[in-house]
Each structure stands twice: as structure tokens, then as C-alpha cells.
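Peer 1: Protein sequence lines correspond, in order, to chains A and B.
Sequential numbering from 1 applies to the first sequence in the numbering used here.
Sequential numbering from 1 applies to the second sequence in the numbering used here.
Everything labelled a hint here was simulated from the structure, so no lab data went into it.
Some clues are possibly wrong.
Claimed, not checked - Derived coverage of chain B by chain A (criterion: at least 3 residues anywhere in the stretch with Cβ under 8 Å from a Cβ of chain A; other residues may be distant):
#1 41-55
#2 60-72
#3 112-126
The beta carbon of each residue, even a glycine, is placed where N, CA and C say it ideally should be.
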Amino acid sequence: MPRESRLYPKISRAPLGVGLLLAGLAQLLCGSLTARAQQEPPYFVTYSSALEEPGNLEIENQNIAAAPKNANGFFAPTIEFEYGTTAWWTSEAYLQGQTTANDSTVFTGFRFENRFRPLPREYWINPVLYVEYEDTSAADKSFLEITGNTSITTQQVANAALRKEVERSIEGKLILSSNAKGWNFSENIIAEKALNENESWEFGYALGAARPLSVTAASHSCAFCRQNLSAGAELFGGLGTRYNFGLKQTEQYAGPTLALNTPHGLTLKFSPELGLNDNSARVLWRFGASYEIQQFRDWFRRSK
Amino acid sequence: MKGRLLWLPVALLGLSAVCFAKANGAWLRKVPQAEHERVNPLAGAPEAIAAGRNLFLDNCAKCHGKEAQGRHSRPPLRSDRIRGASDGDLAWLLKNGEVFKGMPRWAGLPEQERWQIIAYIRSLNSTEPEVQK
Numbered sequence: 001m002p003r004e005s006r007l008y009p010k011i012s013r014a015p016l017g018v019g020l021l022l023a024g025l026a027q028l029l030c031g032s033l034t035a036r037a038q039q040e041p042p043y044f045v046t047y048s049s050a051l052e053e054p055g056n057l058e059i060e061n062q063n064i065a066a067a068p069k070n071a072n073g074f075f076a077p078t079i080e081f082e083y084g085t086t087a088w089w090t091s092e093a094y095l096q097g098q099t100t101a102n103d104s105t106v107f108t109g110f111r112f113e114n115r116f117r118p119l120p121r122e123y124w125i126n127p128v129l130y131v132e133y134e135d136t137s138a139a140d141k142s143f144l145e146i147t148g149n150t151s152i153t154t155q156q157v158a159n160a161a162l163r164k165e166v167e168r169s170i171e172g173k174l175i176l177s178s179n180a181k182g183w184n185f186s187e188n189i190i191a192e193k194a195l196n197e198n199e200s201w202e203f204g205y206a207l208g209a210a211r212p213l214s215v216t217a218a219s220h221s222c223a224f225c226r227q228n229l230s231a232g233a234e235l236f237g238g239l240g241t242r243y244n245f246g247l248k249q250t251e252q253y254a255g256p257t258l259a260l261n262t263p264h265g266l267t268l269k270f271s272p273e274l275g276l277n278d279n280s281a282r283v284l285w286r287f288g289a290s291y292e293i294q295q296f297r298d299w300f301r302r303s304k
Numbered sequence: 001m002k003g004r005l006l007w008l009p010v011a012l013l014g015l016s017a018v019c020f021a022k023a024n025g026a027w028l029r030k031v032p033q034a035e036h037e038r039v040n041p042l043a044g045a046p047e048a049i050a051a052g053r054n055l056f057l058d059n060c061a062k063c064h065g066k067e068a069q070g071r072h073s074r075p076p077l078r079s080d081r082i083r084g085a086s087d088g089d090l091a092w093l094l095k096n097g098e099v100f101k102g103m104p105r106w107a108g109l110p111e112q113e114r115w116q117i118i119a120y121i122r123s124l125n126s127t128e129p130e131v132q133k
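Looking at chain A on its own, in the form it has when it is part of the complex:
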């Protein structure tokens, strides 16, 4: 039986207080931090075929801020722990929260995901399979992806009411990614199914393209060398449900993304994402910081 969209937007990736605390903690702990691998494109929502290198642990704080029309402004942070289990398998855990002006601050849930690269070689298009379990409340405003039929107007509902609706769902993504002449092009197709509610399959998408400002490295070490800066653009949104497939009654966003890989393991990212229709917020401001702890698993080995 066809069912109308879910009441609240599905969202996801990034808190400031907790994030800065964890980032600081990571910095204190990580004597082994060195420059971060520079092959990850500067996307917030779109996944590429770049997996975490085996044994590395990346801690990322990703934040989103917005002031939707007719609703209170909000700030939603997500903390991500991404571990390279093998060269073809990456695991990731997310913790999410949000604070809404004139309302409250709430923890909104967690996610656990795995990404697998099924093919052993690099091809023109490289697939990655993504499987996620999430346990989030409707108060989640992280906008890590958008699925189903949603509208930013649901942000008018108070946190006290939103947090009562908890959804446990599984989500799958087909990630397609290509690398050519320094460019990365990535396409994600998203399908999500609630496990504890009688909802139909919901769909979404994300597209991204990015390139470092220079495809050759400088012969000297420098923080602001062009090869450490990358720029790109993202487009993402909902595709409705199994019974109401399409762009109607969905949120759609697009915007440029920028990233700076500093020589000491810190990566900074920024993106203003512009709403493309009346269901979307005018602008979602995103910013994030991540640290990579290189060969984290060696901490637990006896031999050096």
C-alpha cells in the first residue's frame, strides 16, 4: 500500500563542543600523526571509492548549521570514527547530536556502516558497496544523506516531540567512482528501509566532482601548497519512496566544497549547500575537521 513520506527528514554526518574535545584528545594521543593521505575528495555527503588505508583510524567532526525559514536555527554535529579494516573493507561508526535555538540540545542517535570494494583492480568506474545500520531519532538534523519525501518545514517541530520517534533502519548505497587526470567523479544511489516501522523503501542520491588545485606535489614542505587544497561540488537529495518515486516533495541541495590537508594530519573542509526547491533550507552551512591516526593497529603490536 502506498504510503506518504516519512514525517521528518532523514539526515546525517557531524557537534562543536564534543567534536573539538575529541579532536583535541586525538591530537594529544597521536604522537604518530603525520600528514593525511591526500586521495580523499572533499565531499561531505558523497562517498567516493577511496577507503581508509588498512590499519588507519580517522576521527572526524562534521558540523552543519542552518536557519530555516519559519523554524529555529540549529547546529548539528556528528563524530565519525573510520577504520581501515583491510585494503578492501572500511568500517565506520557515527555519533550524532544537535542543538536548536530556543529549544534544546539532544543526542540523536548512532550509525554503524561498512564499505566494501568488490573488484581487485582500478577500472574506469569503480564500485563500492555500502551497508549501514542506523538508530536515530527524528530530531536528527545531520543531513548525512537525504532519502524519501521530506521537507525542511518539519524542523518547526520541537525536539521534545521529535526525539520520541526513533527509527532503526538499514541502508544500502551503490557507490560508483572514477578518477581521471586528477579529477574524481562519484555517484551514490541510496536505498533505505525502516526496520521498526511499516514504511516503504526510500531512495536518495548524491553526486560529486572534485580535483586538487595542483596535480603535482611541491618539492618543499608547505601547509598551503596548491596540492593540499582541493575543490569540488556536490549535488544531493531525495528520490521519494517505492510508491512515490521522483523529485516531487523532496529536499535538494547543491554547493561547492573546499578542503585543506595540513601537513600535521588535520584536514579542514567547508561547504555552503544551497537549497534548490521550496522543500529545502535556503543554505546549509557545513564545516568539518578530521585527524588521521596512522597505523593505529600498530599500537597493539609488540614488535616494531
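Knowing the structure of chain A, use the given hints to seat chain B on it.
Peer 2: Relative to chain A, chain B alone:
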């Protein structure tokens, strides 16, 4: 009977040799001829070697060691195998990795940067003594 038993150590030796060959540099046999014949356009250029060193320290040293001496079960990059491989072989390995044996792909790095890394690895193998693992 004795004659038959003599074949046993010979067969075991042969099997060991096959296994050793498979575990060490088996990827070299997977490189297509066209890739094998590629030549590093930045070979020997001092700037490329210096840039390649920075990239190596950023991306490769965590597994292969700062001096490319190898760490834990990850192989040294100063070895006869590396010296024997062509530029194209190394470029193919960096691009494709050996993901089921722990070597990730580096296709996300621009090709020019991968050539810079290869220029640096070549310089390690031509000017400095081999580090035995």
C-alpha cells in the same frame, strides 16, 4: 621404493619455490605488457625526487617505514624486486594496489604524484645500500 621417496623432497622444494614466488612479487606477473613498458616521465629529476620524498613520507612511510626498510609484514622498498621492476610495473601497482594482500590502491592520488613517488623510490634503490629485512 627408495627412488619414489627421493621425489618427495624434490617435490616439496619445488612447491616451496612456487609458494615463495607467489608470495613475493606475484603482482609483477599481472602487469599488462603495455603498462610494463611505461617509462616515468619524471625519472631522475631532482625536484620530482624531492617532491616524491614528501609524498612518500605522507602516504607510504606509515607502512613501509621512513627509510623504506619495511615494517612488520610490509615489504621493504629497497630490494632486488623493486630494482628489477620497471617504472610501469611500479605505476601499475600504485594505481591498482594488491588489495587482497594489504596494499591499498593509490588511484586517488594524481598520476603525476604517483610518478614522483616512483622517482623517489628509484633514487633510494640506486644510491643507497639495500636494507635487508
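Peer 1: Indicate, hint by hint, whether the structure satisfies it.
Peer 2: Consistency of the hints with the structure:
no., hint, in the structure
1, 41-55, "holds (count 8)"
2, 60-72, "holds (count 5)"
3, 112-126, "holds (count 3)"
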